[in-house]
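Protein chains: 2
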Amino acid sequence: MNEKIEALREKLKSLNMQGMIITNPVNIRYLTNINAEGVLLLTRRENVYITDGRYMETVRKTLTIDDEIIVYDFRELSKEDYENFFIFCENVGFEEANLTYAKYKEYMHKYKINNFEETEGLLEKMRIVKKEDEIECIKQACAITDKCFEHLKDFIKVGMTEKEIAFEIEKFFLANGADGLAFDTIVASGINSSMPHAIPTDKKIENGDPITIDMGCRYNGYCSDMTRTVFVGHVPHYMRPVYDLVLKNQLRVLEELKEGNNIKLISKSVDSDFKLNGANMIHSLGHGVGLDIHEYPFMNSKSDFILKENMVITDEPGIYITGRYGVRIEDTVLVNKYESKSLTMSDKEYVVVGV
Amino acid sequence: MNEKIEALREKLKSLNMQGMIITNPVNIRYLTNINAEGVLLLTRRENVYITDGRYMETVRKTLTIDDEIIVYDFRELSKEDYENFFIFCENVGFEEANLTYAKYKEYMHKYKINNFEETEGLLEKMRIVKKEDEIECIKQACAITDKCFEHLKDFIKVGMTEKEIAFEIEKFFLANGADGLAFDTIVASGINSSMPHAIPTDKKIENGDPITIDMGCRYNGYCSDMTRTVFVGHVPHYMRPVYDLVLKNQLRVLEELKEGNNIKLISKSVDSDFKLNGANMIHSLGHGVGLDIHEYPFMNSKSDFILKENMVITDEPGIYITGRYGVRIEDTVLVNKYESKSLTMSDKEYVVVGV
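If you read the sequences in order, they're chains S and G. When the letters of the first sequence are read in order and numbered with my numbering, they come out as residues 1 to 355. When the letters of the second sequence are read in order and numbered with my numbering, they come out as residues 1 to 355.
A portion of the hints provided could be inaccurate.
Residues from chain S shown here face chain G by an in silico Cβ test under 7 Å; the list is partial [said to hold, decoys possible]:
(1) Tyr55
(2) Glu57
(3) Phe167
(4) Leu174
(5) Gly177
(6) Met195
(7) His197
(8) Pro297
(9) Phe298
Below, simulated EDC-like cross-link-like pairs (lysine to aspartate or glutamate); rule was C-alpha separation at most 16 Å, straight line [unchecked claim]:
(10) S:Lys171 - G:Asp179
(11) S:Lys171 - G:Glu164
(12) G:Lys337 - G:Glu295
(13) S:Lys171 - G:Glu168
A few chain S positions that, by computed beta-carbon distances, are all more than 12 Å from chain G [claimed, not checked]:
(14) Ala7
(15) Ile50
(16) Asp52
(17) Arg75
(18) Glu118
(19) Gln140
(20) His234
(21) Leu251
(22) Glu255
(23) Asn277
(24) Asp292
(25) Glu309
(26) Val353
Please keep in mind that the hints were generated in silico from the structure rather than gathered at the bench. Every residue, glycine too, gets a C-beta built ideally from N, C-alpha and C.
Please put together the full structure from these sequences, using the hints given.
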C-alpha cells in the first residue's frame, strides 16, 4: 500500500479510530498525489476516493496499483453504499479544521457515523517533517525564485508600475518551470511598503523608493517564499538603521533554525531586540512551507515548538513605519541537525536597482 | 450605513437573530469591499471588522465613513471584549457552509454565544440577483475574455504546447486590465479534450486536434467564464454531429435563461436530447457567476429554481467521449425579464485555428 497512507493508518489505530474521512485537498494530494475535488475515505477494509465525473480520468491517470485506492464517481453510489463504508467502525476521524459545520452534519448522517472524532491536525503534523522528494521540490521552487530575483535586478526601472513588476514575476515563474504562484505576489514601493500585505498598485516606481517584493512559486505543488526590500537608485540614509536591524535579526534567526531549538525563544529574542530599538514585530516571524504556503509550525512568541531535521520554515522579520516605509527580509529555510540551510539564496545586503 | 449591510440586518431581524459572525471572505468583500483576512461581526449596536496588523492600513483605505464599520487589530482585543460583542443577543447567526467545525466550537466559546444559528446561505442568496455595478464588472470581465479569444484565433499554431496557450491567456488577461484568472485555465487538445477538467500539459497541438479552452478572468473581483472547442486545421467529420448537438442545446438553453423559467426543466430538456442522441451530460449545465466563479444557482436536473432578472449564470453543455475527444460550449449569461443576454459573445460556429 501507499506508504503515507500506511503511516496514517498506524496513527489512527493508536487513536482507536477505525476509519477516517479526509476532505482537505492538500492532505489528499500529500497522501495520493491526486490534485482534484473529492473525498478520501480510509475504511476498515479499503481506501476509497470519491470524486465526480469531471475528474475520473485525471484521477485514474494519477494513481498506481500500489496506491490501492478504489475510485468512485459519486453518482454511482447509493444511500446504502455510503452507509456501508464505516459500518463496523466505532470511531471515525474527520478534519475539524477543514470540514465545515454544514458538511460535518451532512457526513455524520450520510455515512451513519456513531462517533465522529476530531483528529487535531493529524495529517498537518505528519507533513511538518518533509521527505526527501518533498525537499527536492521545495528546492526547485526556491531556485526558480532566486533566478527570478536575479532577473528583477536588471528588469526594474523607474517609471514602471508595481503591477507591471508583479506581472513580470508571474511570467518569469511560468516560463521557468513553475506550476504557478505560491501566493499573490507583493510588490510594494515607497510608502506602500509600510503595509506588510500590500496589493500591487498602478503606482509608478520612483527614484529613492524602497520596494518590498514578497514572492514565491510552486514546483510540483510545493511552495517557495522569499522577500527582499530593494532600493531604487540609492539607499536613503534614514532607512539604513531599520534595514540593518531587520537583516541582523534575520541572520541571527537563520543561525538558530536547527534541530532542538524552540521557535518560541527564537521569536522572543527578535521581539526583544526590536523593542530595544524602538520597533515592533507586527506579524509572526515565520511559518512552515510545503504543499501549503502557510503550514505548521507557526513561529511566534507563543508557539512552544521544538525544531526537527527536515522541517522547512520561513525566517521573515519585518519593520513597518506607518505612512512612510517598511523593510522585510525573508528566506525559506531547511532545518538540519547541526545548522540551518537557506534554500532561497538571493542577496540580502543593500540591493540597488533601476540604475 | 452601508446599504448591503442594512439589507442583511433586515433579514436577520426577520429571522430573530440579533447578530451575525461573517467569515466567508467573499461575502465580506460583497458587503464591504474589504479584500483581506478577517471576520465581520454585526452586533446589536455596531458593525465590527477584526483583522490583524498586516491588513490594518489596507482595510482603513477601503472603508469609508458611510460604511460605519469599526476596525480592530485582534491583538487589541481582550477576552472581555470578545464576550461583550454579543452580550445581549439571544441568537447569533453564522455561516455553516464556510465556518469549519473547529472554528464553530472556538467562536461559540470565545464570544460566549448562547444560540449559534445556521443561516442557510443567507448571504449567498442575497448575491444571486446582481446589482448594476456588479453586472458592469462581470461585463468588463466578459469583454476581456472575448478579446482574448479573438487574440487566440491568430495566436494558436501547430507545435505549441497546451501550457504555452494557457500561459498566453493569463498574460493577455493581465495585460488587458483583468485582476487575474477567475479559475485555472483549461486548454485540452486532442484526446485530452475528453476530460472535462483537464490540466494543461506539455502536449503539442497537432493538425486535426480539437482544443477545448475554458477560461475566465476577474475584473474588480467579478468573474467571467467561457468555453469554446476550436479545431486545428480542419473540422474532423466525425466530430461534426457531436459539436452540432452541443451547440444546438447551448443555443436552446440560452433562449430559456429568462425570468420565470425553472432551471430544473431547462436541464432536463438537455439531458433528454443528449440521451436521445446516445450522449450523457456528466456535469451540471451551469452555475451562477459573480464574486465566486461557482455560486448560486446551480443548474442541474435536480435544482428546482426559478430565474429572476439580473441573475448571471453560465450555459455550458458538453459531451465527452472517453479516450477520444470532447466538446463544450459555454457562455456567461445575464438573465433579463423577457430574454437572456449572453455577456460573452465569441464565435460559436466551427472555429478553425492554426492555419
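List of violated hint numbers, smallest to largest = 5, 8, 9, 12, 16, 17 and 18
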